[in-house]
Amino acid sequence: MEIKEYVRPSSLEEAYQLMRTRHATPLGGCVWLRMNAKPVALGVDLASLDLDYIRDTGDMIEIGAMTTYRSLETSNLLAKQYGKLFPEALSHIVGVQLRATISVGGTVAGRYGFSDLNTTLSALGAKVVLYPGTITDLATFIAEGAESPFLVEKILLPKGVRGAYQQIRITRNDFPILNVAVAWTGSAWRVAVGSRPAATRLCHAAMQMLGSDPCPSDQTIEAASMQAAEETSVGSDIRASHDYRKAVLPVLIRRALLEVRG
Amino acid sequence: MIVTITINGKKESLQIEPGDMLVDTLRNAGHVEVKKGCDTGNCGVCTVLLDGKPIRSCSFLAVRAEGHEITTIQGVAEEARRFADFLNREGADQCGFCAPGFALTVIAMKRELKNPTEEEIRHYLAGNLCRCTGYESQHRAIRNYLEADHA
Amino acid sequence: MHEAPMRNAPTFSVVAHPHKKVDGEGLMLGRPAYTDDLVPSNALHVKLVRSPHAFARIKSIDATEALKLPGVACVLTWKDCPRIPITRAGQGNPEPSPHDRFILDEYVRYVGDEAAVVAAEDEATAEKAASLLKIEYEVLEPILDFEHAKDNPIIIHPEEGIHEMFPIGFEPKRNIAAAYHMEVGDVEQELAASPVRVDTVVYTQAQNHVAMEPHAAFSYLDVQGRLTIVTSTQNPWHTRRLLGLALQMPLRSIRIVKPRVGGGFGAKQHIHVEPYVALVTLKTGRPARIALTRREVFESTFTRHQMRVNIRLGADPDGTLRAIDMQVLSNTGAYGEHALTTFMVAGSKTLPLYNKVKAVRFGGDVVYTNKVSAGAFRGYGAIQGLTGLESAIDELAHKLGVSPVELRRKNMIHEGETSEVFRIMGEGTEGVAMNIESCKLEECIRRGKELIGWNDERLVWEVAPGRVHALGMAIAMQGSGIPMIDMGSARIELQDGGFFKLHVGATDIGTGSDTILAQIAAEELGVDMEDIIIHSSDTDHTPFDVGAYASSTTYVSGSAVLKAAASMRRKLIDTVAMLWNVSPEDVIYEDKAFRTVDGSRHLTLHDFSYDTLYHNGVRMQTIEVTESFSGEKSPPPYLAGFVEIELDKETGKVDVVKYVGVADVGTPINPNLAKIQIEGGLLQGIGMALYEDVRYSDKGHLLSHNLMTYAIPSREDVGSIVVELVDSYEPSGPCGAKSAGEIGIDTPPAAIANAIRNATGVRLTHLPFTPDKVLAAIKAAEGAA
Ligand SMILES: Cc1cc2nc3c(=O)[nH]c(=O)nc-3n(C[C@H](O)[C@H](O)[C@H](O)COP(=O)(O)OP(=O)(O)OC[C@H]3O[C@@H](n4cnc5c(N)ncnc54)[C@H](O)[C@@H]3O)c2cc1C
Ligand code: FES
Ligand code: FES
Chain W
1 MEIKEYVRPS SLEEAYQLMR TRHATPLGGC VWLRMNAKPV ALGVDLASLD LDYIRDTGDM
61 IEIGAMTTYR SLETSNLLAK QYGKLFPEAL SHIVGVQLRA TISVGGTVAG RYGFSDLNTT
121 LSALGAKVVL YPGTITDLAT FIAEGAESPF LVEKILLPKG VRGAYQQIRI TRNDFPILNV
181 AVAWTGSAWR VAVGSRPAAT RLCHAAMQML GSDPCPSDQT IEAASMQAAE ETSVGSDIRA
241 SHDYRKAVLP VLIRRALLEV RG
Chain V
1 MIVTITINGK KESLQIEPGD MLVDTLRNAG HVEVKKGCDT GNCGVCTVLL DGKPIRSCSF
61 LAVRAEGHEI TTIQGVAEEA RRFADFLNRE GADQCGFCAP GFALTVIAMK RELKNPTEEE
121 IRHYLAGNLC RCTGYESQHR AIRNYLEADH A
Chain H
1 MHEAPMRNAP TFSVVAHPHK KVDGEGLMLG RPAYTDDLVP SNALHVKLVR SPHAFARIKS
61 IDATEALKLP GVACVLTWKD CPRIPITRAG QGNPEPSPHD RFILDEYVRY VGDEAAVVAA
121 EDEATAEKAA SLLKIEYEVL EPILDFEHAK DNPIIIHPEE GIHEMFPIGF EPKRNIAAAY
181 HMEVGDVEQE LAASPVRVDT VVYTQAQNHV AMEPHAAFSY LDVQGRLTIV TSTQNPWHTR
241 RLLGLALQMP LRSIRIVKPR VGGGFGAKQH IHVEPYVALV TLKTGRPARI ALTRREVFES
301 TFTRHQMRVN IRLGADPDGT LRAIDMQVLS NTGAYGEHAL TTFMVAGSKT LPLYNKVKAV
361 RFGGDVVYTN KVSAGAFRGY GAIQGLTGLE SAIDELAHKL GVSPVELRRK NMIHEGETSE
421 VFRIMGEGTE GVAMNIESCK LEECIRRGKE LIGWNDERLV WEVAPGRVHA LGMAIAMQGS
481 GIPMIDMGSA RIELQDGGFF KLHVGATDIG TGSDTILAQI AAEELGVDME DIIIHSSDTD
541 HTPFDVGAYA SSTTYVSGSA VLKAAASMRR KLIDTVAMLW NVSPEDVIYE DKAFRTVDGS
601 RHLTLHDFSY DTLYHNGVRM QTIEVTESFS GEKSPPPYLA GFVEIELDKE TGKVDVVKYV
661 GVADVGTPIN PNLAKIQIEG GLLQGIGMAL YEDVRYSDKG HLLSHNLMTY AIPSREDVGS
721 IVVELVDSYE PSGPCGAKSA GEIGIDTPPA AIANAIRNAT GVRLTHLPFT PDKVLAAIKA
781 AEGAA
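Chains as they are written, first to last, in this note's numbering: chain W, 1 to 262; chain V, 1 to 151; chain H, 1 to 785.
Any given hint could be a false lead.
Unchecked claim - Once the Cα atoms are required to be at most 27 Å apart in a straight line, the calculated DSSO-like pairs of lysine-lysine come out as:
#, chain 1, residue 1, chain 2, residue 2
1, V, LYS114, W, LYS80
2, H, LYS79, H, LYS283
3, H, LYS79, H, LYS134
4, V, LYS110, W, LYS80
5, H, LYS773, H, LYS649
6, W, LYS84, V, LYS114
7, H, LYS501, H, LYS592
8, H, LYS649, W, LYS84
9, V, LYS110, W, LYS84
10, W, LYS84, V, LYS53
11, W, LYS159, W, LYS127
12, W, LYS4, H, LYS134
13, H, LYS773, W, LYS246
14, W, LYS80, V, LYS53
15, W, LYS38, H, LYS68
16, W, LYS246, H, LYS649
17, H, LYS128, W, LYS38
18, W, LYS127, W, LYS84
19, W, LYS38, H, LYS699
20, W, LYS246, H, LYS779
21, H, LYS128, H, LYS68
Think of the hints as simulated: they come from the structure by calculation, not from any bench. Please read all numbers here as calculations on a predicted model, not as lab measurements.
Full structure from sequences and hints, please.
Here it is as structure tokens:
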């Protein structure tokens, strides 16, 4: 890739000011950015901002924007909170080496259609913190974006949430044809669908149908799965057709719901 | 700009552009043991260790290696030779283009995972593609290599 | 199994042992070995400017801005190239491929076709200059659907001067690159008289080789002003010959060096990059280097030929196969490289499997489209033909209600038999009659059934609600070189110290052929592996060889090595006998030493090597031999492939739980390397069956142009691959060997299609069997039921 001018600020404020005052591009993992043919006029490297952390703040889990997928996958803290959810959602992504570079912030900021992480975070009810302090619902952020320029500082995850993740791929580490995550927050169900092939969306009507019962019946689960397929728009790409996605969506949601319900 | 990177234990000062990827910096500096097989980060042949952990040098900014330790296969030559022996005995070395990146990842895995299961091994190495071998022979070699240490 | 002593075969001490690959450790340690590791530092960097259109005429190229850029050495267009029609296919002379291509042309015929060449001091400048080139195109309407190419009003090759080298059915005005037809007996009559018939069609897709090393080359003028090209090629001599024609240079002024090659599979059996570095070096006098990006490999090197294979079978109710009709339409893309030959192999290396039929017919066309050209690819037509044939055989078994295994056993070829097809169909020419002297298909099937746990009564079972496991199988044959066309040679020279230099033209492209050729030489010369120093291949320094393709290296080049080693052995004995003034019959050569029968004289090979080079006065001489081999036949290796799949009926996802391949490759010169050829081939075949697909937009842009959009199997995709080699000995082969390079890839598409059929009752006809296609087929069948 071509970066015409490169700076490596040591504070978030400095980075943010550069972004506000000049046409600057934040550099996350750069795994995606580097494939962009367009030169970057001013690259603002986020590597020295101490944004690589996963911590328990008491009522929340905080994940810094420069935390890598590999850290999420291998984090004991996350494993204790969410079981195998993160390894299951992320470990199909190419390989350990690349996952050691991909950043959470770049993924959220990019709002990629194929994203496994954004689907997972959306289902968990994550919030995204934009510097200097705007807190937005992550699912909403994925759907609507934010006014540029913005700087993703960290992600906030509620505790005590149980989630499950399901996907279908042609090969094990290809991009997903479809990915799905569901979660029981303790008071409600959340259902997210990504790689439609467009970006993640919540299935609000299906969530409503599931209501506040931690143990919905098989019939309710089936109905909610069908409802999710009904309300979610999907498309075609080289991996699969619209019809295929429509047909498999309820299957994946049912499987995920059954996994969480037990 | 100039970056100083410790490559296989030796400090090297290298002239780079800020957008350069580490793989090109390393190859231009003569470390041609680091291969390049794709433009997208999919194949794993460019694997090097950054402070002991495997990364893809094609997907890593050279400027970020400043002040860090980069290990190529040459930096773990002795261990690589040991592993090569197991690989050779299975005939699992074919065209060899994937071999340096693959071997580095195996060596990193051995350090990181204790008694990995077959599934964990395949999972750890999933991003190292090989078009020649069909992988089976590589796994026979890995099992023997790991077992040899326990014996 | 290969450990067991071989029936009617001699015992070996170096051959048939799993020796380590001679270059294995060095490659793993990353020693500079591949083309792009060796580039001179002062080389110019070459970038190719590629067509953004599927079909267009170049109206003008304005290089003013590009040439203004500091560091740009030259920009070359079609106007700078000799207008000589060539083929890029590395094949024998004359090539069975049409000469329908120019190094650079006024017309571009697919997205990615070369439009201009830029060279600069560094890669970034070359890229920049390439982007500054202003090319004005007259965009033409392309043909993208190969089923509508023939006699389409759009003509892809209207230009004058292009031609075939001998009759191959070349009719460019009809968009036909090649055509062929043959018939033995009366197929229509036999079919009409057959009480049981099936009629099937299979579409096999284009596939990319994805050799891990992208194509690369560099060139320079040596001290004598000769053009040297170092390149990742499978065939140095063909490359030299084709370049000589393309550049209008005498062959004596060109040298081709093949260093280590990072995989080929057919991808490097062509000239893709060499002409462009050569042009730049000739123009500037400077060394020039090119290394394709992975995207360029996808966009501008070759694919497997996409084919439609129609099969009609006729049989008696007892399962006796009476007639086979195979009609093929093949898509060669924009140019006709390997058009005729891959298409003919679809018949010639499949139909003899069922050699007892009364009538057999094969025919069809190979058409041009505005897509990436197709070329050589492991399997080379046989995989396409077999996918059709072996699917049809299973359909016949279903119709007859018999075991698919027994149906094959009843009709397939056996040792001592022949097939008319061998005589009639060659590769582009007539074939060569051949008796099968080694065929252990029966044993392959027996052992394969055992390893997969085959049970005719239980070919599908449920493992969980909606999730089934199912079995499927297929058999295959290939060849071992092209008889009377492929030729290989070997030169052996004794060195001071008592070791041998073995020079071969055979091109090790990662398969380990250097190792097995050294094994053959060591075996025959009665020395250790370490006593053979092998070098391949360099048109200036190693003897001729056609190259690594058509499963020829072990059989053809191996035979040349064996002959050379035998000659060397005789020559050593003759020379020593002369020195001792005894007759050669009185000299025994054993354990690296000579002695007379009566034991009166003794000389080690080591001492002899010094004597002949330093001590023998006027009788000093270099002991050297060169031998060549060209096969009179092409003995097929065989394989029985068995698969267990898991199929998720709710998602259509098919996973290979286990794939068993049991093969007859004759004597495996190196059992490990032979086995890995087959393991690797099986996985590449599974990739074709389930995952890999070359896809285009409706404007002809390649959508699968990198490894993100074209996924090959990873180590997590397939459960297990089990390969065994059965005891076999091919009398015509070196140390009893046949070939192992291609046979592995052939069975997976058919075996997996057959397993899916057993799992679901549905016959899938379009490869690859992605979840989308599988689910759609299941749903369609449910809807119909
Ligand atoms: C070969 C390959 C295969 C992949 N397969 C998958 C897959 O199967 N599933 C999947 O989910 N993902 C996949 N990914 C994508 C990956 O998971 C990431 O989503 C992607 O690489 C972005 O992360 P990054 O850190 O590299 O971001 P970058 O490339 O650094 O950044 C992406 C964008 O976000 C901006 N940005 C970065 N950080 C911030 C920040 N903190 N604040 C504001 N803006 C920021 C950048 O300027 C840029 O525009 C794949 C990627 C590759 C290369
Ligand atoms: S070169 Fe392919 S992953 Fe780096
Ligand atoms: S050995 Fe050739 S790619 Fe692995």
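Against the structure, the hints come out as follows:
1. Restraint check for V/LYS114 and W/LYS80: the C-alpha separation of about 20 Å stays at or below 27 Å, so the hint holds.
2. Restraint check for H/LYS79 and H/LYS283: the C-alpha separation of about 13 Å stays at or below 27 Å, so the hint holds.
3. Proximity of H/LYS79 to H/LYS134 is assessed by CA-CA distance (about 15 Å); at most 27 Å being required, the pair is judged to hold.
4. Restraint check: the Cα-Cα separation between V/LYS110 and W/LYS80 comes to about 25 Å, which is no more than 27 Å; the hinted pair holds.
5. Restraint check: the Cα-Cα separation between H/LYS773 and H/LYS649 comes to about 12 Å, which is no more than 27 Å; the hinted pair holds.
6. Of the supplied pair hints, the one linking W/LYS84 and V/LYS114 holds, its CA atoms being roughly 19 Å apart against a limit of 27 Å.
7. With a CA separation close to 16 Å, the supplied pair H/LYS501 and H/LYS592 stays within the 27 Å bound.
8. With a C-alpha separation of about 26 Å, the suggested pair H/LYS649 and W/LYS84 falls inside the 27 Å cut-off, and the hint holds.
9. For the given pair, V/LYS110 sits about 23 Å from W/LYS84 by alpha-carbon distance, which is consistent with the 27 Å threshold.
10. For the suggested pair W/LYS84 and V/LYS53, the alpha carbons sit about 22 Å apart, so the restraint of at most 27 Å is met.
11. Note on W/LYS159 and W/LYS127: the hinted pairing holds, with a Cα-Cα distance of about 12 Å set against a maximum of 27 Å.
12. For the proposed pair W/LYS4 and H/LYS134, the alpha carbon gap of about 24 Å is at most 27 Å, so the pair holds.
13. This hinted pair checks out: H/LYS773 and W/LYS246 have alpha carbons roughly 14 Å apart, not beyond 27 Å.
14. With a CA separation close to 24 Å, the supplied pair W/LYS80 and V/LYS53 stays within the 27 Å bound.
15. Under the criterion of a C-alpha separation no larger than 27 Å, the hint pairing W/LYS38 with H/LYS68 is consistent with the structure, at around 22 Å.
16. Annotation: proposed proximity of W/LYS246 to H/LYS649 holds, straight-line Cα distance about 15 Å (limit 27 Å).
17. With a CA separation close to 12 Å, the supplied pair H/LYS128 and W/LYS38 stays within the 27 Å bound.
18. Pair hint W/LYS127 plus W/LYS84 holds up; C-alpha atoms about 21 Å apart against a cutoff of 27 Å.
19. For the suggested pair W/LYS38 and H/LYS699, the alpha carbons sit about 24 Å apart, so the restraint of at most 27 Å is met.
20. Proximity of W/LYS246 to H/LYS779 is assessed by CA-CA distance (about 13 Å); at most 27 Å being required, the pair is judged to hold.
21. As the CA atoms of H/LYS128 and H/LYS68 are separated by approximately 11 Å, the hinted pair is consistent with the 27 Å bound.
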